[in-house]
Amino acid sequence: MEEELLGNPAPILRPVRHGNAFEETIERLLQNIKLGLFGVGTKLPAERELAETLGVSRATLRDALAELQKAGYVEVQRGRYGGTYVCSRPPAGSGSYPELDPAEVDDVLTFRGVLEPAAASLAARATLSPAQRGHLLRTLAEVASAPANLYRPKDARFHVAIAEVAGSPSLALAVADVRSKVSDLLDRIPLIQPNLEHSNRQHQEIVDAILRGDDEAAFKAAQDHLQGTASLLHGFLGHSQPEISPQSTAPQR
Numbered sequence: 001m002e003e004e005l006l007g008n009p010a011p012i013l014r015p016v017r018h019g020n021a022f023e024e025t026i027e028r029l030l031q032n033i034k035l036g037l038f039g040v041g042t043k044l045p046a047e048r049e050l051a052e053t054l055g056v057s058r059a060t061l062r063d064a065l066a067e068l069q070k071a072g073y074v075e076v077q078r079g080r081y082g083g084t085y086v087c088s089r090p091p092a093g094s095g096s097y098p099e100l101d102p103a104e105v106d107d108v109l110t111f112r113g114v115l116e117p118a119a120a121s122l123a124a125r126a127t128l129s130p131a132q133r134g135h136l137l138r139t140l141a142e143v144a145s146a147p148a149n150l151y152r153p154k155d156a157r158f159h160v161a162i163a164e165v166a167g168s169p170s171l172a173l174a175v176a177d178v179r180s181k182v183s184d185l186l187d188r189i190p191l192i193q194p195n196l197e198h199s200n201r202q203h204q205e206i207v208d209a210i211l212r213g214d215d216e217a218a219f220k221a222a223q224d225h226l227q228g229t230a231s232l233l234h235g236f237l238g239h240s241q242p243e244i245s246p247q248s249t250a251p252q253r
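Just so we're aligned: 43 in the UniProt record's numbering is position 43 of the sequence shown, and the numbers increase by one with no gaps anywhere.
These are calculated hints, taken from the structure and not from any lab test. Don't take each hint at face value.
To be verified - Derived BS3-like pairs (lysine-lysine); straight-line CA-CA distance at most 25 Å:
{"id": "1", "residue 1": "Lys181", "residue 2": "Lys70"}
{"id": "2", "residue 1": "Lys70", "residue 2": "Lys43"}
{"id": "3", "residue 1": "Lys181", "residue 2": "Lys220"}
Please model the entire structure based on the sequences and the hints provided.
This is the structure in structure tokens:
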């Protein structure tokens with residue numbers, strides 16, 4: 001049962017809140033697509049199941065899927081193997097982006113810098129089952145071997161996996177939320193091969209620390225990795241980066 005739950009998008013695809021069902025349905029679906037929880041070529045769950053999971057009517061779900069189809073995120077196939085399938089995401093820079101507020105960018109990256117190192121530290125302290133260890137190693141391997149067009153969703157999936165094995169569903173949801181916002185920022189800048197290679201080495205360091213139960217090393221490795229990503233984003237987006245003391249959020253024993 002545990003193996004079936006790990007990697008299942010349902011824990012992240014939580015019900016929408018009341019008031020803006022259509023908009024939030026689009027948000028939930030896009031978040032899961034961008035995080036790689038619904039990978040390219042994946043068939044989405046049946047309409048009835050998806051509507052029940054989201055807590056919306058099938059009419060609302062159909063309207064949301066229609067908009068995602070227009071935007072190029074999903075396609076509907078007919079026939080025996082018909083259904084709604086995830087497409088390759090529109091390439092970065094393919095459309096116009098709204099002006100960024102530097103304070104909002106700093107807020108997202110600061111919040112991420114608090115959450116994700118803590119998640120890595122908690123994962124290292126946890127007693128991981130074979131299924132959890134396999135889940136972490138599998139997502140690590142998938143991002144390391146991903147082609148350029150799939151690197152970012154696989155990268156996002158890996159980061160969410162760390163929070164998933166940490167044992168706190170609320171933390172996993174928070175990491176998924178902030179990572180979705182980070183993915184939107186990353187889509188504004190180019191993929192740089194040396195950076196991807198460096199990121200993959202840092203991913204390995206994070207996982208190695210988690211699997212040997214070294215919470216301080218896991219925290220530091222995650223913090224270093226996020227600082228590099230933040231530097232890249234601030235450089236390309238033209239924003240100065242706030243100084244954050246590494247001691248301020250270090251795990252306490």
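Given the proposed pairing of Lys181 with Lys70, does the C-alpha separation stay at or below 25 Å?
-> 22 Å, holds
For the pair supplied as a hint, Lys181 and Lys220, confirm whether the alpha-carbon distance does not exceed 25 Å.
-> Holds, at roughly 23 Å.
Within a Cα-Cα threshold of 25 Å, do Lys70 and Lys43 meet the stated pairing?
-> This hinted pair holds, its Cα atoms lying about 17 Å apart.
Checked against the numbered hints given earlier, the structure satisfies every one of them.
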